[in-house]
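S.K.: Sequence:
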Amino acid sequence: MAVLNLRPLLGGRLLRGSQPFGLDAAGTTDFLSRYGIRTVVDLRSSRERELLPWQLAAGNGVELLENPFDPAPAGLPPVGTAEELGELYLSWVRQGPAWVAASLRPAVDGPVFVHCSLGKDRTGVVAALALLAAGTDPEAVVADYIATTSALPQLLAVMAETWGRAVPALPAEAFNPAQLLLQSPEAAIRHFLAAFEQEFGSAADYLREAGLSAAELAALRSTAA
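This note's numbering puts the sequence shown at residues 17 to 241.
Treat the hints as calculated values from the structure; they're not laboratory data. A few of these clues could be false.
Stated by the list, open to error - Label-pair restraints from in silico Cβ distances: (1) 169 with 66: 23 to 29 Å; (2) 82 with 159: 17 to 23 Å; (3) 225 with 165: 30 to 36 Å; (4) 192 with 154: 41 to 47 Å.
Quick reminder that beta carbons are idealized off the backbone N, C-alpha and C, glycines included.
Please build the complete structure, drawing on both the sequences and the hints.
M.R.: Next up, the structure:
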């Protein structure tokens, strides 16, 4: 297998995607070297990482930064509309400004690969703020988020197989694509972007408050998508 839902952003300074599915050490080295990746930022929880760990060869010069954000330590809230999904994203940036800043800081020197499990939600929030901070048109941010839709059938099938082997008691409907949490609706990202701007102002303002320096923000702006 491979990394799925993969897209380069910021002129290749930042790549976003899924967790590594079935990559051994040789496949991992090939993937990282193909894109010149210097740092991998892993946003998954410890349980997720244990299920599909990175197979990084010693001495390959790639830094693995484990920067976990568990969106559901006590279970995710009910999400019945796209707007509620956007509100869920907003709650994450309220909770984790330092987490967002730490996820993006390696992109200053790039190339960096940022991922969670599906490369959709946690990764999508980080990618959206990176693009906005770089001065990317919000419509391009929307387009990047909904681009995941075409990857979801394969992603969900692979995730169901992977988790089904590891956790046989997992309900069959856990990765049912009818669940809104497993979709990338345009209305969700539009709601998030509008609410984020109303609450925090610009992404640059938010990231500055979160700890990124003026020089780091300038580096992100230097290679717009």
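S.K.: For the pair residue 169 and residue 66, does the Cβ-Cβ distance stay inside 23 to 29 Å?
M.R.: holds, 26 Å
S.K.: In this structure, is the beta-carbon distance linking residue 82 and residue 159 contained in 17 to 23 Å?
M.R.: violated, 30 Å
S.K.: Can the suggested window of 30 to 36 Å be confirmed for the beta-carbon pair residue 225 and residue 165?
M.R.: holds, 32 Å
S.K.: Has the hinted range 41 to 47 Å been met by the Cβ atoms of residue 192 and residue 154?
M.R.: Cβ of residue 192 to Cβ of residue 154: about 31 Å, so the range 41 to 47 Å is violated.
Violated hints for the displayed structure, listed by number in ascending order: 2, 4.
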